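Hints are included, so try docking the two chains, each in its own frame, into the full complex.
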Amino acid sequence: MSEIKIDDTVDITDVVCPVTFVKAKVALEELDEGQILSIRMNDGEPVQNVPRSIKEEGHQILKLDDNEDGTYTLYVKKVED
Amino acid sequence: MADYAALKKGGFMRQKQKNNFSLRIRVVGGHLDAKQLAKVAEVSEKYGEGYVHLTSRQGVEIPFIKLDQIDEVKAALAEGDVVPGVCGPRVRTITACQGSAICPSGCINTYALAEELDERYFGRELPHKFKFGVTGCQNNCLKAEENDVGIKGGIKVAWQEEKCIQCGVCVKACREGAITLEDGKISVDSSKCNFCGRCTKACPTDAYDNTHGYIVSFGGIFGNHINKGKTVIPFIEDHEKLLKVCDAAINFFEKNANAGERLKFTIDRVGEDKFNKEILEAYENE
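Sequence order for the protein chains is A and B. Read the first sequence against the working numbering and you will find it ends at 74, with the numbers running on by one and no gaps. Read the second sequence against the working numbering and you will find it ends at 392, with the numbers running on by one and no gaps.
Zero decoy hints are in this set.
DSBU-like cross-link-like pairs, simulated, lysine-lysine; straight-line CA separation at most 35 Å:
| # | chain 1 | residue 1 | chain 2 | residue 2 |
| --- | --- | --- | --- | --- |
| 1 | A | Lys16 | B | Lys269 |
| 2 | B | Lys237 | B | Lys141 |
| 3 | A | Lys48 | B | Lys307 |
| 4 | B | Lys383 | B | Lys249 |
| 5 | A | Lys56 | B | Lys291 |
| 6 | B | Lys307 | A | Lys(-2) |
| 7 | B | Lys383 | B | Lys336 |
| 8 | B | Lys350 | B | Lys262 |
| 9 | A | Lys16 | B | Lys291 |
| 10 | B | Lys172 | B | Lys122 |
| 11 | A | Lys70 | B | Lys298 |
With the C-beta cut set under 10 Å, the calculated list includes, among others, these residues of chain B facing chain A:
| # | residue |
| --- | --- |
| 12 | Ile271 |
| 13 | Arg281 |
| 14 | Arg304 |
| 15 | Lys307 |
| 16 | Thr311 |
Calculated Cβ distances over 12 Å to all of chain A for the following chain B residues:
| # | residue |
| --- | --- |
| 17 | Asp109 |
| 18 | Ser128 |
| 19 | His137 |
| 20 | Ala144 |
| 21 | Asn215 |
| 22 | Glu221 |
| 23 | Ala264 |
| 24 | Gly329 |
| 25 | Thr337 |
| 26 | Glu343 |
| 27 | Gly366 |
Worth flagging that the hints you see were computed from the coordinates, not collected in a lab. Values in this document were obtained by computation on a predicted structure and should not be read as measured data. Ideal Cβ positions, reconstructed from N, Cα and C, are used throughout, including at glycine.
Just chain B, same shape as in the assembly (with noise of 0.2 Å):
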């Protein structure tokens, strides 16, 4: 008898057709390399049936894989610098757009955060699923929000008068209507703004000081349940702090969360005030 739950937690999902698995692959941030790709092709004609599928979280499926061929497809793939990903209850594929080192809208570099949580987190054993994503911006391409820790890039503005030409141009690039310029003053309601940067990424003489950083939301799920992540801090200028906030969220996961519970629901049934103070307070202790 096979031990599923094993073949699970090392990427290798049961389909209906009796000892087939569909393999799914480590992807870190939507990212796979050109040799990796040409392995994996490799492996789905020889051990599968010639095609992958993708997932909805930017994963990599190769679909038909045999059960007494497991030990052989995963040495194939390792030449390929081609690793099984996971699947069960542990945090999963890090998902991210391309961020600021190639989208001209992105706030952060997406890859490189992906990059760091996965070395911090990825597969670590929970009491369910837990899932991280990262956008650049306030496009939200990655969709923050339906991940259990979403982290959305942003920009905090603050105008510099000696650089401004009082052109208006950031007045009318603004959608949230956060910007006023009065005689030859801008001003920038803080309330209405929502650190999408687009008026600074408009201004023609770069008359905006940024700060970058991550909004950060908590509990979201998209799947039998829907839920919308919350964010608890407005803003996160600092990584460390922001990756305080990730460890926070997920020691309180590991240690409130029945089995099969998703944060969200985790959240709901030990209390938001309570889970909002430990988040909290692993934001402002140095």
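For reference, chain A alone in the conformation it holds in the complex (with noise of 0.2 Å):
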């Protein structure tokens, strides 16, 4: 899966919900159609609904990384409206 190129990245880790969904949401809104964003997000709540909400705005989930960490990375392409 290493063919995925990212063009930005924010880490969600700092935050709880639903300040995520909102941090990963302004992340997305500064990319252009297409492009991708790496998300790096808490395992427990953050992982469970991050994924789901990101889903229903209408982006594409591409792949969820287990970074062994207790953290994972979610990416993400933006399709607009």
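Written as structure tokens, this is what we have:
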């Protein structure tokens, strides 16, 4: 999966719900259609809920990596409305 | 002498204050439209004390209605399509959360089901009160298990390998630990799955086939005694079977209950095995 070219990265491990999703959403807004954002998030509630919220916004989820340090990285391709 | 039982049946609840009644409005699934609300407001100002009370089961009551104005109040409410509710030994307000029509978490159309149950059962005379509640998903905002019959929406999932990108989002979305991803294949442990639907709602490629259905609990009560309703059939897919099972529960209650006895205590007295058998028979009969 090393072929994923990341355009920007955001770390949401320093915030809690619902700011987790808001921070990811703001980062996605900075991107152009088709660009890829990697989002680092904590295990537990963020990884349970943030991917679904991003799907509901209409973006395309490519992959979820377990960083094996209690965090996960989600790769998202921006889709405009 | 006023016929208090008749008034109670018609939704007029006797107050401490002599000749004053708190008028219960018929509400289905927690919805009232603007026209109804406007009329309720008008009636509360003209005939009550200018306020309403929202009950614990999504009802609306207009307190301080005077005994000698009851017919006038009923006529006024009817102009706004507002009908009095019921109290006493019969099927009460069918409650519902907003369900899949509005809520992203909803697995079933709770309001449509509440309307259907209301049409089928509301006000039916029984040995004691009988409550239905409909909640859209495992979040259980409507507290299904505190009702005599509680209905909870769920989704049964089946993984579709060809659509899956093995991202692992569903594995983490599942709160029951039912999903594992190994060697590019997803497996769902049906003994752990609680039909919450979080996996399929989170899946980026919609790689799950969804079957929407109902988790039905019986014998819930949340007053002087507290008991959580119990499920007999884990998941009911078919809408007609759901109605048959509801019919069976209410018929069992009508046939077996003593006056003033809630379903939970009828089941305890007559026997859980016997009750479960009647429910299963209704479910299995074509």
